[in-house]
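Participant: What follows is each chain in one-letter form.
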Amino acid sequence: MLTLPCPFCGQRDETEFQNAGPTKPARPDADVCDAEWIDWLTVPVNPIGYVAEKWWHAKGCGKWFTITRHTVTHEIVTNEPVTGEANNKNGENP
Amino acid sequence: MGRFSAFSLAWHALSHHRNWTRYWQNLPLAKKYDVLIIGAGGHGLATAHYLAKNHGIANVAVLEKGWLGGGNIARNTVTIRSNYLRDESLPFFVKSVSLFEGLAKDLNFNLMYSKRSMIDVVQTYPKMREIRRRMMNGYLHGSSYSPIDVAELRQRVPPLTGGGPNSRLPIIGAMVHEEAAVCRHDGVAWGYARSASSRGVEIHQHTEVKSLLRDNDGTIKGVETNRGTVLADKVAVVVSGHTTTITQTAGLRLPVKSFNLAAFVSEPVKPLINVIVNCPDLGVYLNQSDKGELVIGGAPDPGQSFRRDVKQNVFEDAVVTMLELFPAFRRLKLLRQWGGVLDIAHDATPIISTTDIPGLFVSCGWWGGFKAVPAGGYSLAHLIATGQPNDIAAPFTLDRFRHLDFIVESGTTTAR
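Protein chains in written order, with the numbering used here: chain W, 1 to 94; chain P, 1 to 416.
Hints in this document: simulated from the structure, not taken from any laboratory.
Ideal Cβ positions, reconstructed from N, Cα and C, are used throughout, including at glycine.
Any given hint might turn out to be false.
To be verified - Coverage of chain W stretches by chain P, computed from C-beta distances (three or more under 8 Å per stretch; other residues unrestricted):
#1 9–23
#2 56–67
What the hints assert, rightly or not - Cut-off 30 Å, straight-line C-alpha distance, at most; resulting in silico cross-link-like pairs (BS3-like, lysine-lysine):
#3 LYS53/P x LYS105/P
#4 LYS210/P x LYS24/W
#5 LYS59/W x LYS127/P
#6 LYS59/W x LYS24/W
#7 LYS105/P x LYS291/P
#8 LYS291/P x LYS32/P
Stated by the list, open to error - Here are some of the chain P residues that sit facing chain W, going by a computed Cβ distance under 7 Å:
#9 GLY2
#10 ARG22
#11 TYR23
#12 SER305
#13 GLN312
#14 ASN313
#15 ARG402
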């Protein structure tokens, strides 16, 4: 079991959290071509290595945050809260 | 290559079984082939078999990083079924189940195929509605899925004593999928390898593909391996969870993510369950092998993973939920456990497709791909040989992502 660093509650068991997949790059502008839009919409990163991913402390404080985790060793290297609209008041996945 | 038969068995008994030929030949690696298949697993070897048998293309090499049949074909829960939801998925998996049924004869290899029905135990009304929808669409496509009541369920699965009226999630019904079967998973890999090799296909184990090579005009030229460069005009990537690892070496991006899924095997006990039992509301499924071991599957790890292990909490969840329905199993010892890397697209539907790189083919996104091995190989071989997908695999191309025309499938995973 992993222990995840919630920015509000500290180190908590993985079972309290909901994984929301890898973070996406910034949404492209409206004048982007179809191919680039489809790529942004459908293609996630899938590295053997570090992946930045969103987690939701669903069975805890409700905080959304991003960590960088290694997909083989599970090593967690950074911990920064999701900022702006992504962490809205209702605790919903944006 | 000698055929297996009662006569050949008796004939070889005279020489104390010392003169059987090997299942597949070990030939030196050539510089160029017509087709390269990356991955000697179920789908890769099936593709080689059908390329040689149905399309007469035998100048084929199957390249394998580890050993033949050592990946997900060795790591599944051997369930063969076709109880899917969508019009696009059902004909494909119905075909796969029917190919499995005749496969032992086709390959002249004993696969210990055992048709034994799968029973889905339903404990919530949303699942009942979803599963009834699958039932009705299954009837249209020739995949049986019939409701039975709780009394009949308990009679057919005697150890299922939990889930009573006062439990956390009382059982409200069940659904029987009669075509479901199990078979010897290693035998599928070995049988396809033996058949492909006898038709001239070369299988090269311990040959790791480091990168895909492209010509100046962008088409595929071959692959770079730990044993040198191998050229081919057509290359098929059939490596399950590591598909993106290979395709990114040619700059190709694919809409799949890889996850770790775990399974366990108990100590062998007397025969007590003769069907495959699936509990979708709890996220656990099990069947009993011919040796008597209970083969138990659980839920995937949250988050992407290339780690073939079992997390303690995933293991405990599977055991606790199983004991809710099968309290008598609390004294069973679990002997072995393993994980496997599976990939899935967000619409939970496989991809058998040409790509933006001419000459490069991919077969991925299978999640549990064991049930699809014959139809997957059959369809990918057709695509490689003719350049066009066959009828059953036509919906599974990458075009559905370009047109945002997804096939959102609920029948892909047993556990969720």
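Participant: If a hint holds in the structure, say so; if it doesn't, say that too.
Facilitator: Here is how each hint holds up against the structure:
1. Chain P is given as covering the stretch 9–23 of chain W, and this holds because 8 residues of the stretch bring a CB closer than 8 Å to a CB of that chain, at least three being needed.
2. Under a criterion of three residues with beta carbons nearer than 8 Å to beta carbons of chain P, the stated coverage of the stretch 56–67 of chain W fails, only 0 such residues being counted.
3. As the CA atoms of LYS53/P and LYS105/P are separated by approximately 14 Å, the hinted pair is consistent with the 30 Å bound.
4. A distance of roughly 28 Å separates the Cα atoms of LYS210/P and LYS24/W; the hinted pair therefore holds under the 30 Å criterion.
5. Proposed proximity of LYS59/W and LYS127/P is supported: the alpha carbons are some 23 Å apart, at most 30 Å.
6. Between LYS59/W and LYS24/W the CA atoms are separated by roughly 24 Å; this keeps the pair inside 30 Å, and the hint holds.
7. Proximity of LYS105/P to LYS291/P is assessed by CA-CA distance (about 23 Å); at most 30 Å being required, the pair is judged to hold.
8. Taken as a hint, the LYS291/P and LYS32/P pair is broken in the structure, with Cα atoms around 44 Å apart against an allowance of 30 Å.
9. For the restraint placing GLY2/P at the interface with chain W, the shortest Cβ-Cβ distance is roughly 42 Å, beyond the 7 Å limit, so the hint is violated.
10. Look at ARG22/P: its Cβ only gets to about 34 Å from chain W, farther than 7 Å, so that hint breaks.
11. At a threshold of 7 Å, the smallest CB-CB gap from TYR23/P to chain W is about 32 Å, leaving the interface hint violated.
12. With a least beta-carbon distance of about 5 Å to chain W, the hint placing SER305/P at the interface is held under the 7 Å criterion.
13. The closest approach between the C-beta of GLN312/P and any C-beta of chain W is roughly 5 Å, which is under the 7 Å cut-off, so the hint is satisfied.
14. With a cut of 7 Å, the hint placing ASN313/P at the interface with chain W holds, because the nearest CB-to-CB distance is about 4 Å.
15. Hint status for ARG402/P: holds, given a least beta-carbon distance of 6 Å to chain W, under 7 Å.
Checked against the numbered hints given earlier, the structure breaks hints 2, 8, 9, 10, 11 and satisfies all the rest.
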